[in-house]
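J.: Sequence:
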Amino acid sequence: MLALSAAALAAALTACGQDSSSSPTPDSGQSENSSGLQQFTDAQELANTIVTKGSEKGTAKVTWEANSQPGMECQVDFNSGLMACTSEVQEVVITDNGTYIKSPELARIAGDPSKEWLRTGGENPMEQQYDELGSLTDLNEVVGSGTTIANSTEEQVDGQNTVRYELVTDVQQAAAEAESEAAKNSYQLLLDNGVTELKSTLWIGEDGLPVKAEAVNPAMNVMGREIPETTVTMTYSDWGAPVQITEPPADQVQEMNTPSMPN
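Read in order, the letters of the sequence shown correspond to residues -17 to -1, 1 to 246 in mature numbering (1 follows the signal peptide of the UniProt record, and there is no 0).
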């Protein structure tokens, strides 16, 4: 589930990684190596930097792809929580009024093919999956609850100097501290499937902003359906560039609140 992919890109209050080539000072969770890159051992310090730097920029382009679903390109306004995404098969827009999905197939199943946009509002796992896309607009979710830094090292990504962080998430802690009901349910689904730990990787550039993130969603059983292990990769670019996010016209929208719709 995409919700779990977003949540897995988190880090939390304390850090491991004491065997890293950069040794922290006793009162600091960060260091600066010979290349000038800031390298954190305290995940909260890393989290604070991402939130501060990202809020200053305000916007970015986020592209994600998974081994079991088409890629999606998103324009994100982090400060207002708005997002617009497109893929080969659908579009998604998130505004203050809800999450909207443009999908001819889902519109037909929902009952009115003439209204291609659907707004989520139900409690079934599929709708919660779409709703959790909104976590991509929250910089606090890039480094959130329940995760420690296991290791860090310098690495180039598409010609950019970055620090690569290996993160480990305690699912029990993340579930206990999740703010949204959908996130709590997603983590509970992991726990129900015997998953107590999630691993992810985050690359941070010289400007303190995310460049790339990768999360592995373990194989799970969801409503009797076996979901294979999925690796989700997200890339960040165009920080601070203008974005265009428009809510679909009301006369083209129907409610998705249909529990019988397929997952």
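Calculated directly from the structure, the hints in this document are not laboratory data.
Small disclaimer: the values here were computed from a predicted structure and weren't measured.
Ideal Cβ placement from N, Cα and C applies to all residues, glycine included.
Hints should not be assumed to be uniformly reliable.
Here are the simulated distance ranges between beta carbons [unchecked claim]:
1) V178 to P232: 34 to 44 Å
2) T136 to S38: 43 to 53 Å
3) P232 to N31: 16 to 26 Å
4) T46 to P211: 15 to 25 Å
5) A159 to A233: 10 to 20 Å
6) Q156 to A233: 20 to 30 Å
7) E189 to S97: 42 to 52 Å
8) E238 to Q143: 20 to 30 Å
9) N134 to P232: 31 to 41 Å
10) A202 to P225: 19 to 29 Å
J.: Please list, smallest to largest, the hint numbers that this structure does not respect.
T.: When the structure is compared with the hints, numbers 2, 3, 5, 6, 8, 9 and 10 turn out to be violated.
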